[in-house]
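There are 4 protein chains.
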Amino acid sequence: MITPLKGGDQLDEQGLERLIEYVIAGGVHGIFLLGTTGEATNLSYQLRQDFIEKACAIIRKRIPVMVGITDTSISGSLEMATVSKNAGADALVISTPYYLPMAQHEFVNYLEYLVPQLPLPFLLYNMPSCTKMHMSVKTVKKAKEIGAIGIKDSSGDLGYLYALIEEFKDSPDFSIICGTEIFIPESVIFGGRGGIAGGANIFPGLFVNYYEAALANDLYKISRLREIVIQIEKKIYNIGTSAAKHIKSIKCALSVLEICNDFVAQPFQQFGLNEKEQMKQNINELIATYPEIQAEFDILKITD
Amino acid sequence: MITPLKGGDQLDEQGLERLIEYVIAGGVHGIFLLGTTGEATNLSYQLRQDFIEKACAIIRKRIPVMVGITDTSISGSLEMATVSKNAGADALVISTPYYLPMAQHEFVNYLEYLVPQLPLPFLLYNMPSCTKMHMSVKTVKKAKEIGAIGIKDSSGDLGYLYALIEEFKDSPDFSIICGTEIFIPESVIFGGRGGIAGGANIFPGLFVNYYEAALANDLYKISRLREIVIQIEKKIYNIGTSAAKHIKSIKCALSVLEICNDFVAQPFQQFGLNEKEQMKQNINELIATYPEIQAEFDILKITD
Amino acid sequence: MITPLKGGDQLDEQGLERLIEYVIAGGVHGIFLLGTTGEATNLSYQLRQDFIEKACAIIRKRIPVMVGITDTSISGSLEMATVSKNAGADALVISTPYYLPMAQHEFVNYLEYLVPQLPLPFLLYNMPSCTKMHMSVKTVKKAKEIGAIGIKDSSGDLGYLYALIEEFKDSPDFSIICGTEIFIPESVIFGGRGGIAGGANIFPGLFVNYYEAALANDLYKISRLREIVIQIEKKIYNIGTSAAKHIKSIKCALSVLEICNDFVAQPFQQFGLNEKEQMKQNINELIATYPEIQAEFDILKITD
Amino acid sequence: MITPLKGGDQLDEQGLERLIEYVIAGGVHGIFLLGTTGEATNLSYQLRQDFIEKACAIIRKRIPVMVGITDTSISGSLEMATVSKNAGADALVISTPYYLPMAQHEFVNYLEYLVPQLPLPFLLYNMPSCTKMHMSVKTVKKAKEIGAIGIKDSSGDLGYLYALIEEFKDSPDFSIICGTEIFIPESVIFGGRGGIAGGANIFPGLFVNYYEAALANDLYKISRLREIVIQIEKKIYNIGTSAAKHIKSIKCALSVLEICNDFVAQPFQQFGLNEKEQMKQNINELIATYPEIQAEFDILKITD
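Residue numbers (my numbering), protein chains in the order written: chain A, 1 to 304; chain B, 1 to 304; chain C, 1 to 304; chain D, 1 to 304.
A few of these clues could be false.
The list cannot tell twin chains apart, which means a pair is met if one copy fits it or any two copies do.
Below, a list of computed lysine-lysine pairs in the DSS-like style, where the Cα atoms sit at most 27 Å apart [claimed, not checked]:
#: 1; residue 1: Lys234; residue 2: Lys132
#: 2; residue 1: Lys132; residue 2: Lys245
#: 3; residue 1: Lys61; residue 2: Lys276
Simulated from the structure, these hints should not be mistaken for laboratory data. Everything numeric in this text was worked out from a predicted model, so none of it was measured.
Based on the provided sequences and hints, a complete structural model is requested.
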């Protein structure tokens with residue numbers, strides 16, 4: 001989930017409430033706070049704490065909550081872990097500290113030091129494009145021994161995800177979760193547990209259907225829904241050239257849909273008027289082409 | 001300068017005092033706190049504040065102090081800027097926020113927002129291997145217009161540094177500083193202002209001589225001293241394979257010299273016994289080969 | 001298909017005949033000569049010509065033959081195109097000339113110049129790890145206009161392959177072929193035409209079954225066969241660290257199976273005795289674990 | 001030296017003669033045929049042979065000739081080596097075969113096999129951006145044992161070049177030659193043998209002066225000439241975005257100067273009219289700013 005903001009280090013609280021109710025109404029099975037799309041690294045600890053507490057209070061245990069605590073500073077990670085526990089979150093998500101690149105064994109050593117101090121179970125988060133380290137299968141095995149209960153893989157490398165599934169086929173409790181929207185069906189069909197998709201901020205029901213089509217091995221429906229997912233990639237996420245365009249575009253789309261503000265935390269900036277106008281047109285095009293999209297927006301009586 | 005630590009988020013205060021006196025005795029012309037070698041990103045704000053205050057108090061304005069305030073969170077950067085001002089530092093050093101890679105124009109926008117809130121002059125810090133963004137010459141020009149008074153370039157690309165010198169040849173007040181030890185003489189000879197060298201933690205006098213040889217266009221002396229710098233690279237920094245090996249090795253060498261503790265902040269770990277033993281041998285070898293090294297250590301009566 | 005050699009620029013003719021009969025007996029639907037696995041770039045034109053002619057003569061039009069003509073020199077490409085036509089091949093395969101990296105539009109210009117001179121239809125071959133250029137979807141569209149009848153994608157990026165399928169969904173005659181063994185089922189299920197697999201040199205029947213399971217949407221069988229494909233990757237291809245290890249290992253395995261010689265053309269060298277011994281053990285392990293492997297080898301009465 | 005062409009696989013013989021006389025009149029100390037700038041990989045063997053023979057005949061042993069024989073096919077390399085010997089060339093230049101990336105030890109094995117068959121002495125050519133392999137210092141040491149008499153380094157990494165100089169300081173016969181124009185003075189001052197510069201096709205005298213200023217340790221003159229070299233980089237080489245823009249721009253400039261044709265071999269294409277017009281203007285600007293440039297062109301009575 002994105003972190004709705006209305007200004008520098010200011011939470012958009014009404015937007016947050018609307019967004020949470022929207023995605024729960026859409027049927028999502030859990031919420032991941034403060035990941036890459038959640039702009040975690042760009043927010044002050046104070047705002048992160050505030051956000052975790054408010055979000056957990058709104059969610060009220062209706063669905064599980066995971067909180068990303070990755071930080072270059074271990075004291076920051078531990079602080080956010082405690083906040084998450086106290087707010088009632090269910091699990092933590094940990095990626096690689098990311099300024100200097102880490103070696104595989106250094107990350108394992110780090111986990112050995114960090115994990116015993118964590119008050120909640122944790123999943124790994126493999127995000128090499130941002131962290132500069134691609135967790136090897138061997139590293140994931142060691143992390144499982146140290147206590148990891150699963151992994152969200154956002155490497156975009158489905159072959160790696162299949163290698164994880166093959167490696168952990170006798171550990172059904174270890175959850176392998178796909179962080180690449182396009183590959184969620186494959187990962188579910190062939191042994192993964194599900195997907196975490198930034199697009200579910202805007203189209204929660206669509207992504208739930210996509211996941212359920214995979215659970216049901218419904219290849220025709222997958223094919224149809226993937227066509228929409230590919231078009232979302234082209235029409236929604238692909239505005240501008242920023243490395244943060246996924247964040248900017250999801251926030252912009254949610255603002256077009258009047259769910260929450262489109263403010264983006266420094267060092268990035270939200271879309272300008274031209275890009276917002278483009279977003280409106282592209283959303284209208286998607287609605288015109290795919291009735292599933294309109295059905296989605298009807299959840300919250302969103303009309304064009 | 002490294003940040004001497006004696007444990008998780010604990011400053012090694014005696015070590016800090018010894019280290020500062022050692023490098024000042026060695027003749028350095030300024031001190032850069034909380035850069036990459038200073039492990040800034042891995043320390044809590046509380047420790048960073050404590051360190052800035054204590055270091056400035058020990059230095060007592062004898063030489064200028066620059067403080068790195070780069071952070072993925074702008075509120076963290078601003079907090080450290082205020083602390084630096086209050087502690088009596090002279091300038092700030094700013095690199096690119098570093099989780100998601102930034103585009104050139106996004107970094108310029110970020111500076112336009114950040115700089116008016118800074119209480120001190122600032123230099124840029126180009127560190128693409130860690131930040132994922134190589135500041136273009138055009139970006140540096142814009143940053144200068146926004147207020148930058150110089151740049152420390154740690155890209156390792158001397159051609160780029162020459163291009164900066166050529167670009168700013170009519171702006172003698174804009175300081176171009178080399179962050180790659182091996183190229184300090186070239187940069188000084190052909191128009192740069194000086195160098196910032198991690199190795200000056202261990203060999204401050206040697207690097208001062210190296211700089212002064214360049215100022216004097218003494219090519220023979222440069223050649224001789226560069227041979228030592230290359231050997232330092234091979235014998236001191238090149239132990240182990242970690243991306244943090246410069247930090248680990250400088251701290252280990254300072255601990256062998258009994259200047260300060262070798263503790264390294266998480267997510268990294270200090271060298272083990274084998275590597276420390278190797279360091280001792282390599283330092284002895286350097287002393288045996290180069291009398292300049294022994295002269296260096298005599299500053300603080302360091303003997304083998 | 002690999003190019004069986006018995007020495008520097010010497011074809012292993014008996015091995016070639018055995019190999020062709022073996023893969024045809026295994027049921028493959030076509031043969032691709034002189035691709036990356038075929039060591040095309042490392043062979044003299046004379047040897048390439050000899051090989052094309054002999055292979056086509058042995059195949060006798062039983063199944064279609066495609067020939068890779070990629071070369072840094074366009075005259076070399078044209079020469080091999082003529083040889084292929086005269087030998088009775090069915091299509092040509094063209095990748096990007098690969099010394100200096102090409103821009104997308106430069107490759108399109110190159111095709112516009114080259115294609116009118118070709119005596120046979122052609123497919124594209126996307127192989128960015130070797131050629132330094134990843135053909136964009138737009139480039140593939142232009143190449144189709146210039147005459148391409150399909151593309152073999154060996155980028156390893158299934159998302160790209162899906163984007164191609166989406167782009168060309170109204171052009172059923174444009175064949176999208178997967179060059180990454182692990183993703184052949186996905187590509188066939190969701191609209192691709194098939195796969196070209198180096199592993200089919202050793203296990204032709206297994207890869208035919210894998211393809212047919214995808215055609216039949218038999219997810220259970222795919223899952224079972226993919227497990228074997230992943231183990232082949234681990235146990236056969238993954239010996240040594242060379243970038244040419246796929247070539248070395250396939251040739252070594254074929255030599256263990258007494259199908260052909262394991263000689264590898266300069267600048268690479270075949271496996272040594274230790275690696276060959278390891279290969280034997282690994283093949284035995286695979287046979288012991290998967291009865292499908294033994295069934296495969298029974299085709300040619302290969303026994304352990 | 002570039003390879004003057006007047007069409008697909010057709011040598012521009014008059015242009016070749018004018019170019020050779022021009023660079024010899026400019027004072028160059030040797031000529032390197034068929035390197036990257038010489039488009040070697042994109043020419044047929046027949047044209048390469050023709051070119052080697054004609055160029056050597058024109059040069060008539062007035063200065064030494066080196067010929068690049070790098071090829072993905074070892075038989076091609078050996079053929080060109082024989083041609084070079086027979087034509088009267090003085091040395092061969094060998095880089096890494098470049099389709100699949102090679103490991104360091106594979107390249108050493110390759111040299112062990114190739115070198116005994118060479119009829120002339122050879123230098124290494126380190127060109128990692130095209131060949132995908134950066135020759136390690138250890139590899140260069142082994143190559144020297146196998147018979148290499150020097151290395152041209154075009155990695156752009158001056159630190160690496162200094163490391164080579166340090167490694168071979170006791171082997172004055174092993175020539176370390178800088179292939180990066182901007183760093184020729186540094187490499188000569190601190191122990192290198194000279195430079196090989198594509199720009200010397202256009203400005204042979206300028207580069208000779210640049211080299212001689214370094215020999216004389218004339219830092220002021222180096223500084224002045226480097227300013228021109230940087231401007232040449234910006235104004236001449238930097239037109240367009242192609243990876244082959246150095247080749248295109250040097251040929252275009254030589255055509256503007258009426259020395260030879262600007263035809264570029266496939267898969268690349270020469271500059272269009274707009275870029276050629278831009279080149280004329282930029283050359284005029286350089287002449288207007290730097291009298292050294294005009295002096296250069298007066299060698300052959302080239303006037304604007």
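Inset, instruction - Have a look at Lys132 and Lys245 and pick one of within, between, both or neither, based on CA distance no larger than 27 Å. - result: both (19 Å within a copy, 16 Å between copies)
Legend entry - Intra- versus inter-subunit Cα pairing at 27 Å for Lys234 with Lys132: both (26 Å within a copy, 25 Å between copies)
Inset, instruction - Since the copies are identical, ignore which copy is meant and state whether Lys61 and Lys276 lie within 27 Å (CA to CA) inside a copy, between copies, both or neither. - result: neither (34 Å within a copy, 51 Å between copies)
The structure fails hint 3 only (numbered hints given earlier).
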